[in-house]
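K.L.:
Sequence:
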Amino acid sequence: MRSTFKHLFYINRNKTKKNGLCPVMGRITLDGGISQFSTGLETAPELWDAKAGLSTGKSMHELKVNRELKELSTAIETHYARMVEKDGYITAERVKNAVLGIAKEPTTLLKELEEATAEIEKSIGINHTIATYRSYVNAYMNLSRFIKGKYKKEDIPFNQLEYSFIEDYDLYLKTEQRMTTGSVMQHIVFLRKLIKRAMNKGIITRNPFFGYVPDQPVSKHKWLSSEEIEKIMTTPIDKPSVDFVRDMFIFGVFTGLSYCDIKSLRKEQILTDSKGNQWISIQRKKTNTESIVPLLDIPKEIIRKYEGTGEGGKVFKMLCMNVVCSYTKQIGKFCKLDKKLTFHMSRHSFGTTVCLSQGVPIETLSQMMGHRNIKTTQIYAEITGAKIEEDMQVLSKKIKDDYLLARS
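For what it's worth, our numbering labels the leading residue of the sequence shown as 17, then goes sequentially.
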């Protein structure tokens, strides 16, 4: 006998809230059996179209209600179709439980994060770095503290997550953890990845944080002018270890390699073509993308200077990050720069002063820097004043006779 399956949405006018909105309810009917549930949504009763089971409102709130009801409707149809295909016994209650994620012990946020973290730990050195693993651990600690403080719980099920969760978490990171806008955004993006993972696994059917936009950090990449680079290269430095860090910084300025990539650079990654030109060919640690950079005279000289010092086939015996950061600051002071010098500024300076300001196409630069997307290069490599001036001079010559002022 063919099943009679249908579902609809309606509002409970008897439970109108102080804000004037009514809760939107759902009803699943299957072979005479009925199962009702709350969708967790609210709408204005005067805007409700009972026949369509949707709101007629055009505000952002009402449009969001309609969008989520349509997603929920699709989820009901999908779960019913799966049960018909796999199970011989189907009830309205079972369909409802599957849709709401309560058919079994609900999967929780931190439990899923633990599982994801364990997967990352197993893949360290394969397709993930120790830094990625640490970011997962850090995310777990912050989420755990937030859930305990806000909800007085050890964990929270995915199906209990509401839009207010991400708003409150954002505020918690800014106020109690005193994070910068950039750090907060990283944690919010991480939480979104966790939600996407849960949706891909079928733990939840809709994104509870849909439409949330965190504050965007105002970022201005710092780079050095050609005069500042020359000052760093020529300023006398007596301490050998600081001089070494200076050389590594300059190596980064003329290759675009980051600290991690310089540290892991191996002899076999320096190639020579048929014309005798030398190239660095690596898989970037951060993005796992290919980076191919021609070796200019200055980095060649630095390689020769430290030839034989690297261990285990590496080109350089790089110092640890903390020491490099400390010595880089000292170099900035020795050179009397009017800005705080960081090691990563060497990579930014490669993109701007060494390449873009000298007319290297941004597509070529993107390949050399190992970016997945050229948009990253556009942000990463600031166009210098010299480049802008040069471009405007070319434009001026092109349009010189094209426009004339009206004569009085």
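Source of the hints: derived by calculation from the structure; they are not laboratory data. Predicted model, so just to flag it, every value in this text is computed and none were measured. Treat the hints with care, since some could be wrong.
[Stated by the list, open to error] In silico PhoX-like cross-links for lysine-lysine, where the CA-CA straight-line distance does not exceed 25 Å: (1) Lys212 - Lys279; (2) Lys80 - Lys238; (3) Lys86 - Lys238; (4) Lys168 - Lys86; (5) Lys190 - Lys212; (6) Lys127 - Lys168; (7) Lys255 - Lys291; (8) Lys279 - Lys238.
[What the hints assert, rightly or not] Pair ranges (Cβ atoms, derived): (9) Lys34 - Glu379: 26 to 32 Å; (10) Lys31 - Tyr179: 18 to 24 Å; (11) Arg150 - Gln299: 26 to 32 Å; (12) Gly227 - Asn143: 30 to 36 Å.
For every residue, glycine included, the Cβ atom is placed at its ideal position computed from N, Cα and C.
K.L.:
Next, verify each hint and record whether it holds.
P.N.:
Taking the hints in turn, this is what the structure says about them:
no.	hint	in the structure
1	Lys212 - Lys279	violated, 34 Å
2	Lys80 - Lys238	violated, 40 Å
3	Lys86 - Lys238	violated, 46 Å
4	Lys168 - Lys86	violated, 33 Å
5	Lys190 - Lys212	holds, 24 Å
6	Lys127 - Lys168	holds, 17 Å
7	Lys255 - Lys291	violated, 39 Å
8	Lys279 - Lys238	holds, 22 Å
9	Lys34 - Glu379: 26 to 32 Å	violated, 58 Å
10	Lys31 - Tyr179: 18 to 24 Å	holds, 20 Å
11	Arg150 - Gln299: 26 to 32 Å	violated, 21 Å
12	Gly227 - Asn143: 30 to 36 Å	holds, 32 Å
Checked against the numbered hints above, the structure breaks hints 1, 2, 3, 4, 7, 9 and 11 and satisfies the rest.
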